[in-house]
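Listed below, chain by chain, are the residues.
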Amino acid sequence: MINAFLYVYGNLVFFYSMSLIITYVILIIMADQQAKKNQKWGKKYIRSMIDTSPYTLGVSIVAGAYNEENTIVDNVNSLLSQDYPNFDVVIVNDGSKDKTLEKMIEAFELVEIPYDYVYKVHCQPFKRLFKSLNPKFNKLTVVDKVNGGTKADAINGGLNVVTNPFFINTDADCLLAKDAIYECIFPVLQDERVIAVSGTMSISNGFTVNDKGEVLEFRPSSKPFPLFQDLEYKRSFLIGKMGWSNLNAMPNVSGGYGLFNTEVVVAAGGYSYDSFAEDMDMLWRMIGYCCDFNKEYRVVQIPHTCCWTEGPATLKTLNRQRTRWGRGLIQLIDKHKKMAFQPHYRQLGMITFPYEIIFEFIAPIIEALGVISLVYLIFTGGINWGSFWIMLCAIYLFSVMLSMLIIFYDYIQGGSYNHVKSYLKLLVAGCLEPFMYHPLITFFSLKGYGNYIFRTRAVWGDMQHKGHKK
Amino acid sequence: MEDIRFYGWDTLRYYWFVMQNHFVGWSWQISVAYTIVCCCIIALLILGLVFSFRVYRRNRHLKHQARVDEKYSDTFRQILMSDTMSASSMLELLKRCDNEDEDGVKEEAEYFIPILVSIRTDLTELAYFPNLQMLATVSGVREYCEKSLLENHDVFNTLQMMAMLQLVVSEGRLANYVNHRDYDTRLMARLCFIVCGINDPYKFLMDDIEENSSSMYTMMLHYIFAWMKAQNKKMPNFITLANNLKNQDAASFMINEVGYFGTDEEKSEIPTFLTSKSYKCRESAIKSVHLVNSEATYDRLMKMYPEQIEETKREIIKALSVPKNNKYNEFFKEAYENSPSKDTKEIALKCLYDNNKEGRYQFVLLQQKTTDPELATLMQKIDSIGALQMIYELH
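Here the protein sequences come in this chain order: G and C. Residue numbering for the first sequence follows the numbering used here, beginning at 4 and increasing consecutively. Residue numbering for the second sequence follows the numbering used here, beginning at 0 and increasing consecutively.
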């Protein structure tokens, strides 16, 4: 009986792995096409148009901050140093318990001003609203609100202050590229159907920044977890999302950096405060809104690295983050199950949703069962070592090839790093990742599923940021 | 076992045979996995080689570009910033930069383009460079562009660069591209045609804007129109275009452009669009009135105010705040008192506050009179932001 089960399971896993490999190959081709479309336009040309035009669209940068006293000043400086001619920055202090607000008040010469804002979307009440006395920081608005416990609530708070037609959702611990807004507004200028643009994100743990929040030296982290995450992010953005973007089937616009149409976000009800994958949930509801009201939409991924975020450097923080993501995924699938396999929801219902279930949700379960079967077969002597090694080699080499491709691709796109040595470091990480990092991620995802199923009390938790080297 | 020695191709064929038959007799799943292993190894080798080659090529290109930048960048800037300069003085300046090679000036044309583009990006506030066309000829950039168009090499980038620098090439060079099958190439070629065309530069404009009124295209057109205006070149007839376009976004863009680049005659025709059926055209007309600051039209705006939707009403209020005239204070006050929309109230109060001393006084009176706590907070907010604005101005 067990042997029959293992035989069926083995074949099932084989087909599953092959379908995953085929999907990746298709995504690589799609991503390449999408990148070519994007590369076609000269950045300087677009920049000149935007700089000189009276029709330039206004963009607000909204960032939630919770206990970020170590990095907040650098990061707000980084947000304010954008080159774009028509933008403002809204920082939402989501009831921080440390000195996040005090540090901002001191660094940016903030004064309280009376606030009168319509609560377009639900969030915890505002306590105070600040503007700067210094004209250097006149684009900055700081909202101090009651802690809502989630990032969604903080962004909704910012959304209630936003007056521009587009806003960027980012985190206060993120460093933005100076030309980040130019890059992500371009798809909107080209095609008015675009409701959201996702910029590529990367990990900033190894960076050196100056007092203005400008990055002086781009280097990958020397610690293993941020390095693995760097590669993981690159793979996800440059192959996964670029490929999906070509099919207009983007599963997610990351909460770390994404440009959204304010009107559509508000119409879709704003960020869902009870969601653990609030970014993905928001996008799915935006698409749902467009499909329900028969509106055309496009969601675009751009290959340019717009944003760097400090990734979890310790196992504890990585565990917390990935468990939350795992929990968020299962919650999202449960919440939006009515969209699955529904042609009414266009690519989301027919491509993205099935993919998320088959290759994102089920993958950790299959992997865990695989490990259990392997241990069983080793102990019972039922393993065929020849088959085992060749299968392992196939999957491992494909993974390394994918990492190599990503590194090459990143270099062609302009390169996240200045030195070839940095890329070699990433390549080494790519070789070690399947054994050292991936099993942990699988475990944390399963833990997240378990937490959701057994209704364990959810804790958002704060990630202690160490800040960057100066 | 007897030794067999292979030579030449046979050695390769032997290994190919070993590879092909390595897992013969195993299940097909193993063969598939083996194929994946082989493909991945080959792909890794190819990627490694291509990556190394790209790194080498990019470094070489960057070094060369940096050398050319260092040699010519300042001279180019000096030439472009000067009002007038003869071709011989330009050539003399360029020759002076090029110490090593007599023919260098012509050979470096490809590397000159990024320098010109960079200067253009830095100095976007200048509508045009008087010496650019001459410099392009002397430095060989024009010849390089014409050659690229003729040989169908890197056409889209060349057209973009020409549109950005407003580089004039002979109209005939664009002939192959103004009806190109690729939409972007066609659009860019037609933009360049506006710059280069002699007989009828706006031949394609109406069709193009009817088909594509995206923000990017309108921005591109605005950029070209600014250059045409600065060069005193013939502008299109915006009013005629606005009247004939079916696409309302395109028509409203044309009405807006009247405000920026229209002739006096065209500007006097803006009020005809204030009663347009399309609210987009009405809004654009109000924005144009705002730009032109046409006092004669303001009374008409006040009259049409009550019949408009809230968005248009807000545009009217903004337009009336431009002349900073006392006589509109009462209008702002009424707009504030009568509007059901909080956004309109806010705009009206802001305009009243910023209008002039009298307006500010009226604002204070309204502030004292108001009993609604929400409106009181709104007024406090406007007052605080106004005060901050004054502090910024003092700095």
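Since the hints were made in silico from the structure, they are not lab data. Glycine included, C-beta positions come from ideal geometry on N, C-alpha and C. Misleading hints may appear alongside valid ones.
What the hints assert, rightly or not - Output of the computed footprint for chain C on chain G, the stretches with three or more beta carbons under 8 Å from beta carbons of chain C: (1) 55-65; (2) 75-82; (3) 87-99; (4) 192-203; (5) 274-288; (6) 321-329; (7) 411-425.
Hint check results:
Three residues within the 8 Å Cβ limit are the bar, and the region 55-65 of chain G against chain C gives 6, so the coverage statement holds. Counting residues of the region 75-82 of chain G whose CB lies closer than 8 Å to any CB of chain C gives 0, so the stated coverage by that chain is violated, three being the minimum. Residue count for the region 87-99 of chain G with a Cβ under 8 Å from a Cβ of chain C: 0. That is fewer than the three needed, and the coverage hint is violated. Judged by the Cβ-Cβ criterion of 8 Å, the region 192-203 of chain G is covered by chain C as claimed, because 4 of its residues qualify and three suffice.
Counting residues of the region 274-288 of chain G whose beta carbon lies closer than 8 Å to any beta carbon of chain C gives 0, which falls short of the minimum of three for the stated coverage. With a cut-off of 8 Å between beta carbons, the region 321-329 of chain G has 0 residues touching chain C; three or more are needed, and the interface restraint is violated. Counting residues of the region 411-425 of chain G whose CB falls under 8 Å from any CB of chain C gives 4; the rule of at least 3 is met.
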